[in-house]
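Please build the complex by placing chain Z on the supplied structure of chain C, with the hints as guidance.
Just so you know, the sequences run in chain order C and Z.
So for the first sequence, this note's numbering puts the first residue at 2; every next one is plus one.
So for the second sequence, this note's numbering puts the first residue at 2; every next one is plus one.
Worth flagging that the hints you see were computed from the coordinates, not collected in a lab.
Don't take every hint at face value.
If chains are identical, the list can't say which one is meant, so a pair holds when it fits in one copy or spans any two.
[What the hints assert, rightly or not] Heads up, simulated SDA-like pairs for lysine to any residue below, C-alpha to C-alpha not over 25 Å straight-line:
no., residue 1, residue 2
1, K547, R323
2, K652, R540
3, K155, A75
4, K123, G322
5, K359, L585
6, K292, K355
7, K652, A206
8, K359, R581
9, K652, S544
10, K54, S497
There are 2 protein chains.
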Amino acid sequence: MDKLLVLFTFSGSAIALIFALLTAKRVMRFSEGTDRMQKIAASIRAGANAFLKRQYRIVFIFFIAVFLILGALALLGLVSPFMPFAFLTGGIFSGLSGFIGMKIATASNARTANACREGLNKGLRIAFSAGSVMGFTVVGLGLLDVSIWLTLLKYVFKLSPDAIASAMLTFGMGASCMALFARVGGGIFTKAADVGADLVGKVEAGIPEDDPRNPAVIADNVGDNVGDVAGMGADLYESYIGSILSACSLGVAAFHDSKAMALPLLIAVLGVICSVLGTFFVRTKEGAEQKQLLRALSRGTNFAAVIIALGSFPLVWFVLGREHWLSYFAILAGLIGGVIIGQATEYFTSDSYKPTKKLAAASETGTATIIIGGLSTGMMSTLVPVVVICACVLIAYFVSGGASQPTMGLYGIALAAVGMLSTLGITLATDAYGPVADNAGGIAQMAELPAEVRERTDALDSLGNTTAATGKGFAIGSAALTALALMASYVDKIDSLMENAALQLSALSITSPTVLVGLFVGACLPFLFAAMTMNAVGRAAQSVVKEVRRQFRELTGLLDGRAEPDYATCVDLCTRSSLREMVLPTGVAVVAPVIVGLLLGWTGVVGMLAGATVSGFLLAVFMSNSGGAWDNAKKYIEGGNHGGKGSDQHKAAVVGDTVGDPFKDTAGPAINILIKLLSMVSIVFAAVVVHFSLF
Amino acid sequence: MDKLLVLFTFSGSAIALIFALLTAKRVMRFSEGTDRMQKIAASIRAGANAFLKRQYRIVFIFFIAVFLILGALALLGLVSPFMPFAFLTGGIFSGLSGFIGMKIATASNARTANACREGLNKGLRIAFSAGSVMGFTVVGLGLLDVSIWLTLLKYVFKLSPDAIASAMLTFGMGASCMALFARVGGGIFTKAADVGADLVGKVEAGIPEDDPRNPAVIADNVGDNVGDVAGMGADLYESYIGSILSACSLGVAAFHDSKAMALPLLIAVLGVICSVLGTFFVRTKEGAEQKQLLRALSRGTNFAAVIIALGSFPLVWFVLGREHWLSYFAILAGLIGGVIIGQATEYFTSDSYKPTKKLAAASETGTATIIIGGLSTGMMSTLVPVVVICACVLIAYFVSGGASQPTMGLYGIALAAVGMLSTLGITLATDAYGPVADNAGGIAQMAELPAEVRERTDALDSLGNTTAATGKGFAIGSAALTALALMASYVDKIDSLMENAALQLSALSITSPTVLVGLFVGACLPFLFAAMTMNAVGRAAQSVVKEVRRQFRELTGLLDGRAEPDYATCVDLCTRSSLREMVLPTGVAVVAPVIVGLLLGWTGVVGMLAGATVSGFLLAVFMSNSGGAWDNAKKYIEGGNHGGKGSDQHKAAVVGDTVGDPFKDTAGPAINILIKLLSMVSIVFAAVVVHFSLF
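Just chain C, with the same shape it has in the complex (with noise of 0.2 Å):
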């Protein structure tokens, strides 16, 4: 049965990457339109493209340095040496999954804005086609590396179950550590360009969003990119395989045997199926409304939701065996819990619902009341998101197995997390199509096409909006799941690491000081991540509104039109600034759990994963959620209530947006790989902290 597994995965990726490449070219058969057009797009593909050079340069050297220290700790005897190779490949094929869905989403965002020259339909086809694109590229990649790793480490280097396992959690490292540069690095980019692209063009020059006269328009297009896109494909493929990978290693904690490993690989490779399935559904008629638009997409993402749900049911019950048939209910688990979680991330971000109507009324009585009504409505919002996510954990525990075998109930978890993500293919093509409609309506806007065009595009990206919301509810739930797999991952890593001594549970009672010291440490580990991501937003903001304010006030004629503003200039700077930002969050959050680790011992790294997992799954939903709910309510407002565009509440909810903004595309998602990689780290260092902690 295992070189079939082998088989079914490399077929997997191959569809997923074959259907990639097929609609990829398909995209690229449309033309680009205008003359001008072309040029825009030029330009933002020419940024994105320089930012992720650049940015890929500083991440290599960061990956070169973990790789040295991992060889030297291989030569040392405390790491496997497959260790230091599987964490490069991680890296490069997160790397690569960025960069690809970046390549096709700066290739399609003129030609979708042409296609809405010619209806909403056309426009909607190709946009989605180029998130298919990134969303299968994605689970294409994640799965062709399993099969790799899988491949040699079993067939060429005979490896036990146990020890494939765990080499194999360190190319999660790598590509966790890659995800957390790709997102902060890219949230920064896009924000501080947003950010400073509004204050001053909006704002003070009183000039509407995406003008060709505003000298950061293309940064902030190619933000969108860099940020959104590359951002979140990296970011995808690290919770793809981190949630596939913590299930294989606790399968094999729990079964000792490769047929546990062999079920969340195989849920992939029917989630890659039917999403494929699932596109074809994605279509609409001329002349469709929003509400008609949403349907055809939530018809897409139902289709393989459904089938999934079937689908997995022979698979554990062929693979685990009938006496395990129960876990199934862990990947409903997963498979509703997401579902649940995105419904109700759309509750409090949606127009269509109360608490955003309520958010943008704020809007009458100030600013302020706007600020405190989003930072409530975001923390109300968590409600959900931690109920729905403690039913899926016992839900899963307990029908794996866990009241009489813990391994087993702990697996289960994993699974519920790999049943959440199983649809990524096609939820991740609904979410990453967002960016790419954002981006054309500016070059509708940049290249003053006819307003029916841009209402086209504005009809798409509203429609992003809400799915971006949902997309964020499954890769928040499917974070918390991973991250308590991974928790208990290091558990099992630790137990086998002690050799003479058995480990006591009793050791992580929760009433253990350094297991209590861990918690707090732990827990506020987001809370700095999130103040140094925000921090660095502002002040790369800041240097993006002097340098628009100077152009401004230097290049005369600009407002006017008849001077051209330096676009380069501020793309570079917003590049500059982005780079030197996104290093030292990033280096924390590699660093903490090795300190935390020897300075408290294995218990206290527990105690820091728990914590750290427990706010940052709340500080999350709660930043992400004001952020929508905000971003939102502006909009509402923008359709012409409570006073409409220009009103004194509009101008409270565009800085409502504007606080939103680093909340939600910078430090909430961010927050979400944070959680997974201190996990990751705390697996791959687990012998460094057994041999040289002090406790």
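Positioned in the frame of chain C, the structure of chain Z alone reads:
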């Protein structure tokens, strides 16, 4: 020795109460100034009295309900028959602390203003004396309640130390419930009035703060008294006895002997004596600058702290015995830890240091950047308090012998909390004097006293902001330590309830699903609680805004000073809305531990307590410090920096300050109480959970 102990605690209580009484009498001898000042002071007094009366009426219903529930449980044998009565007295004494504090504060505000007509030193003396009355009333009543119950249970009913400690924790629960009502109700009142007065008066009508033409101005001043004074009094009463009771309870568990109960009580008595002596050092010469004023206050608190540090060594040596003398360092760690947290708070929130200066500079790029900056400053400021608490926990645990006997270590953590709060008499005096000075300034403005008077009250007030920040540091730090100690008391209580089975610490492993789920739920509670209280402030403030706008519109001649505003309606409006809004959050805090216990069992409750303590601590520090930094950034700009009063930068800073108001004065401090109340409720209802829970 036991009888001597009771004698000592009664004497300590008597010293504190007599000192408070004498100080109060001395304050009352001063004149309230002009007719106009007397009239204004009388309106504030009347409003505050009316609020407290109505608040206590609602709270009374709640207390009777809980009393009946506890009575029923006592009849079923699930709680001790003393508990219902202990619960009532805790509530009554806590309420009394707030009431007396409010009485003296409303009596001394006009007197302080009047004294400031003669000089700064005289003003400081009166305001500080008023603060002292409150400080010593709190500690005096705290010790009195403990002494009475100790005598009753020990000498009248002759209970065992275990039973005594357990019954006494119930009056902690009563005090916490009262404190939460007072903090939340008063906090909503004060911030609704403040936000309402500022938004319409300062921002819309452009009249200065505390202008008598503003209809909400009396409500604003009433709010300072019912929120910052009465709320704080009840709050710190709760903190104070909470730390003592948890130490007593853990001491009995560790030593099975009443000597361990004696130590925290004797430290408290020592603290009273040192604090009384310390107050005599608080005086400054005429013409003193702000720095000298601060030094005068610090001299008092430092003196008290040093004497306690010296005096508690022999106490530990003789009471616990020389083999436990190392526990002294637990007390010392708490004492020093409190000082460090206070100083870190000052660093992050005072405009003498970089963070707040940089925050003020962020106003140059607009409202959004100052909001983002304040949020990240608050998040960043969590680092030092977390490190200090972690250090206190580890030091206290291990010096007290936790390595060999965990309960001893946990007793050490409780002793650290007692150490931190031992100087409460005088630190609370320096804290509570702030609102008095604030009110004095308001009266000076409304009574149109010469500008120099207002300058003096402003100097006192600004100093009050710094001491309040330090006071908050103590309150938050001690809350975290006390909450951890109470969590340990809960585990101990469960241990004693599990008849045949010995409690397995492995059941509390942080990887157990019920503990993990509890952790998530617990961590979510402070977020929900903050959201509810902030929403409540928002709703209440909006009703005030509408009323003030109505008066400006309908009462002709109000702005030219030809008509009198209708102050009473605003006070009544704040009273009604804050009382309505305080019920739900407090109710959730009381009900949550019981529901979690019934659904997840006692291990889930422990997880919940840990999660709530950790996330509540972080959230409280974050929110308090963000609020403090915004407040002082605004003051810094008002001091003539970044454009000064009336500039766009100032307007941006006012928005920040308004957002910060519910952060630092409603949600933040209430979370401190929440985390302790959750543990107290858990302990009191432990038997119910053990008997009826699903898990």
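Do the hints match the structure? See the list:
With identical chains, the CA atoms of K547 and R323 are never at most 25 Å apart, being 66 Å at best within one copy and 66 Å at best between copies. Taking the shortest Cα distances, K652 and R540 sit within 25 Å of each other both inside one copy (22 Å) and across copies (21 Å). When the C-alpha separation of K155 and A75 is checked against a cutoff of 25 Å, the pair qualifies only within one copy, where the shortest distance is 19 Å, while the shortest distance between copies is 65 Å. For a Cα distance limit of 25 Å, the shortest separation of K123 from G322 qualifies neither inside one copy, at 47 Å, nor across copies, at 84 Å.
In this homomeric assembly, K359 and L585 come within 25 Å of each other (Cα to Cα) only across copies, at 20 Å, whereas the closest approach inside a single copy is 38 Å. For a Cα distance limit of 25 Å, the shortest separation of K292 from K355 inside one copy, 18 Å, qualifies, whereas the shortest one across copies, 51 Å, does not. Taking identical chains as interchangeable, the C-alpha atoms of K652 and A206 lie at most 25 Å apart whether they share a chain (14 Å) or sit on different chains (19 Å). In the homo-oligomer, the alpha carbons of K359 and R581 lie at most 25 Å apart only across protomers (20 Å), although the nearest pairing inside one protomer, at 39 Å, exceeds that limit.
Proximity of K652 to S544 under the C-alpha cut-off of 25 Å is found in both arrangements, the shortest distances being 22 Å within a copy and 22 Å between copies. Taking the shortest alpha-carbon separations for K54 and S497, neither the intra-copy value of 41 Å nor the inter-copy value of 64 Å comes in at or below 25 Å.
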